[in-house]
Amino acid sequence: MNTINLGMAVVLAVLYSVGFYLLLQRSLMRILIGIVVLGHGANLMLQLAGGPPARAPILGTAPPELFADPLPQALALTAIVITFAMTTYLLALGYRSWVLVGHDEVQDDVEDRRIAERERPEGSMADDTAATGTDDEEDPGSAAASAEPAGTGVAQ
Amino acid sequence: MTTLVTLPVLLPILGAALTVIGSRSARLQRLVGIVVLAAVSVVAAVLLVAADRTGPVVVELGGWPAPVGIVLVADRLSALLLLISTLVTLAVLVYAIDQRITDYGRDTASTTFHPIFLLLSTGVSLAYLTGDLFNLFVAFEIMLFASYVLITRRTSASRIRSGMTYVIISLTSSLLFLSTIALVYAATGTVNLADLATRVAALPPGLQTVLALMTVVTFGIKAAIVPLHFWLPDSYPNAPAPVTALFAGLLTKVGIYALLRTQTLIFPQVGPSTVLLVIATLTMIVGALGALAQNDLNRLLSFLLVSHIGFMLFGLAVFDARGAGGTALYVVHHITVQATLFLVSGLITRRTGTVSIDQMGGLAQRAPFLAILFAIPALTLAGIPPTSGFVAKLALLQAGADGGPFTRIVAGVVILASLLTLYAMVRVWIRVFWGTAREPLPDADPADELVVGTAATSRPMYAATSGLIVISLTIAAAAGPLSAVTGRAGTDLMDRLPYTTAVLR
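These protein sequence lines are chains A and B, in that order. For what it's worth, the numbering used here labels the leading residue of the first sequence as 179, then goes sequentially. For what it's worth, the numbering used here labels the leading residue of the second sequence as 12, then goes sequentially.
Hints listed in this document are in silico derivations from the structure and should not be mistaken for laboratory results. Glycine is no exception: its CB is placed at the ideal position from the N, C-alpha and C atoms. Please note that the accuracy of each hint is not assured.
Claimed, not checked - A few chain B residues facing chain A, derived, Cβ under 8 Å:
#: 1; residue: TYR159
#: 2; residue: THR163
#: 3; residue: ALA168
#: 4; residue: ILE171
#: 5; residue: ALA193
#: 6; residue: GLY423
#: 7; residue: ILE426
#: 8; residue: LEU427
Extracted from the complex, chain B is given alone in its bound form:
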């Protein structure tokens, strides 16, 4: 059982090596990518069941016991997020293969896309599983370097600008992370998360606050919390749709996961955190209002992403078991729905030839299936019952209602931000799907690999998007058992003992 924990990291990185070796055959690359991700999904599901039944599954790498060696830990939260992330990655890969951005034309394989895609998956898996702060840094670097390549791969003159912004912001946050690790090590003499949980508590309160704030800033840049979000709506929309979907679905959520893990395990506190509540409020409002001003569909979705990061932060800021559980459930829901929306946006752009909303119209008549594909995740994101968004928001609101007067006010902001999300989505619906039908614009850049402005779209792209919608609907249908699991995960996070005793036997 314990060796299973290494597989979500080992399989993708070995798969990446295999796709480099087999870079002459596009078919082999596709096969390796899909098989590896499917296998990791199965492993993650097994880990989730095991962690839920018998507690965290821990493996000591190289046989060195913690806190000397590096441990990989799959507890309820990590296994759940690993499962949903890998499923989303798999769907995005199918979409990307069918959109033909993974290789040159039909048959000529590319040496970059598949290996880098699998490396990104490696980094994400390692970030979820690692029980070591420095190893978390390495995981972030694997993930981010893969994302740098994906966002600037075969870039054009108009897109390189946003790629540069993204790379520089990410590098800065990486160096801040490194500085944080140095400070943590200087203060405590360990980088093992479970060991830090006990040692940081012995530090003077001022030093604890400094370290906690450094981690909030570091992970806050990656998670795009306001006021550290400016880079996101600028950079994400400029990548191809599947890449944007992957980034929006996974990368920011890994930042949220790291925040959730470090704040609850290393810097626990009693009662709601005022600082985090204020940041969460700002993030929700700024993101939602920013979305209303946008004309570019992808930028609009990016601002909504920022807004919903605030929802997850709110659950953490409440700082009790229900809040943490609510955040876990919200992350699961949001990874799925945000990736779906960006994939649908890619389909819309393929059909209309543009991303600017005021050049679209009447798409409901021309492409009714596409309209359904947009409507379901849009309503899910806004949190209309009975979708998964409603279930996740309900968990957050319940936590907020119990937290005290201030959290009740912020819970009101959650409702307001949900209404603004709904408003933004309705505006998109009216302007894109209703009205007089417009002819698709011609492909602005026929030379590149992205085909836009065509009605011809093969089935796998639709199938991948529909698959994600099915996952999202399953989350809503299985809301009872799933919220029970995330509730137990929240209790674990606040209790801390299940994690620390499993690691430091």
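The shape of chain A in the complex, shown without the other chains:
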């Protein structure tokens, strides 16, 4: 089992917390940055899993017991390529969203909101809005939720 030094543990903690904080935002661009930061955190953790820094693992340059573990580096390399693909894909998706609906906001489940509205018991706080049948009930967190027709029930 390997131990890691405190500095690296702090860096990991910062990367993970910043990444998850950004993941919780509405804008896809922020989420993208969050995923990139999280990916860095995961890759750094893979590197650290191989133990402390040591000599390059090339036979003949140093005795084998001084070598760094090459496997986590190979794994991290693969993971970096995959995170790169994730980033480009999300960028393309954000652009598509901007072309189609004019923003890149990640919104709530519209149909779910509609059903929750419909099933709300009578006499509750939101009875007024439910009674008037405003199908496109706007989610306070998402300014653009009304940009699409909610509650039509036709998805295809």
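Following the hints, put chain B in place on chain A, whose structure we already have.
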């Protein structure tokens, strides 16, 4: 024999390359896709027979022996799931080709659908066969990236929202998986599953629990267990019917397979797992109740999918050979029936022009064959004898009855959730197939490639759906031999030695 194990991965990925090269000819693409998937089915059947007779078939990639190199392992469980998944994929491909979502119009080939479809099949095959934790991550990524493209391909303004949710949730779970691998490697110094089986046992119990929980969360997001299921009913229904059928049939089951493999091989425990039993109960109940509230047919089916994930989790949570065998049988049954139901839903939408149940009615008079096509998988999903659902549920209930007082209570929940499934299906039946016949709604979006609201449907779509129903009925007819195989697979999983000795010779 050992080279055969590489074919389920190699053939689809080479086929994907070929469909990119031949992207000018729609006919060539169709031919490659169907031939490749049929070939993989045959290979999977051969592997299943070999694994059942002589034990796991192992191939060391590049000639590097485990645990240094990467191994592909086809044991009873992997080969069985590979076989049924490939058959379902093949049927879905036939349906998709006939629905004309694979190309632009009749003759203009598309460069995306066929290659991506085959890549998805590659990822699924690799996930079943790999004996290496990091390779499993790569398999998941191949599979998920293909699914991202399929779910957002030629998307419209109303559908891009759900695609985004799906992509972000999946990416988050992928990064969690990567973190888990880093922690596992830091603790044990290996990523080979068979090697991990012995090394994790030497770790302190607290660390073992952390690693086990990380894998449960990671694979739990992919398998859509409650409370990690919210993304599924939002995203799946918005894809075209064949894509939804494929996702619902395969992707969540790969998550269940990964859970089954890692929990039994790496983190074995004695007696039922309380945490998993509680999660299974919640998943079954929340999914079934969620389904009752839905008006959108596809969303209803998605919630039922979540509910039935709980059934599979229950078999795993019992943690004995019969439970694991029951889960294996349930996965086989559920892959088939869930894909069938989504394909039928696609046919219903094509006929009625809508997915909302309250705008349908009287379909039994207008399309009696469609009614039969819906009734059989619906009853199978609810588990009415003598369907395959009954056989699979019986295996789970038997395991639960032997597991102890708590598992007996959860076995009661299984019956309750089955009744709720039946109730949801009967409601759909009454509102969609009975009542006064309604005129089909006009196509809301005539510009896109999906034709809805038409009575004209050519035979291959019906043939593909009927083919899946035949497979489902075959599972019920061959219940004896099949449950014997899954029973032996369950014993293997709990015993662990057949797997580890075959890999670490």
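> Regarding the hint that B:THR163 lies at the interface with chain A, is the smallest CB-CB distance below 8 Å?
Replying inline: Since the shortest Cβ distance to chain A is 6 Å, the answer is holds.
>> So, as I understand it, the hint says B:ALA168 touches chain A; can you test that by seeing if any CB pair is closer than 8 Å?
In response: Holds - the Cβ of B:ALA168 comes within 8 Å of chain A, reaching about 4 Å at its closest.
>> Just to be careful: measuring from the Cβ of B:TYR159 to every Cβ in chain A, is the smallest value less than 8 Å?
In response: Result: holds, 6 Å to nearest chain A Cβ.
>> Hint B:ILE426 vs chain A: min CB-CB distance below 8 Å?
In response: violated, 26 Å
>> Checking hints one by one. Is B:LEU427 an interface residue toward chain A, by the C-beta closer than 8 Å rule?
In response: With a minimum Cβ separation of about 21 Å from chain A (threshold 8 Å), the hint on B:LEU427 is violated.
> Given B:ALA193 as an interface hint, is the shortest Cβ-Cβ distance to chain A below 8 Å?
Replying inline: holds, 4 Å
>> Restraint: B:GLY423 near chain A, CB-CB cut 8 Å. Satisfied or not?
In response: violated, 27 Å
> Holds or violated: is the Cβ of B:ILE171 closer than 8 Å to a Cβ in chain A?
Replying inline: holds, 5 Å
In this structure, the hints that do not hold are numbers 6, 7, 8, in rising order.
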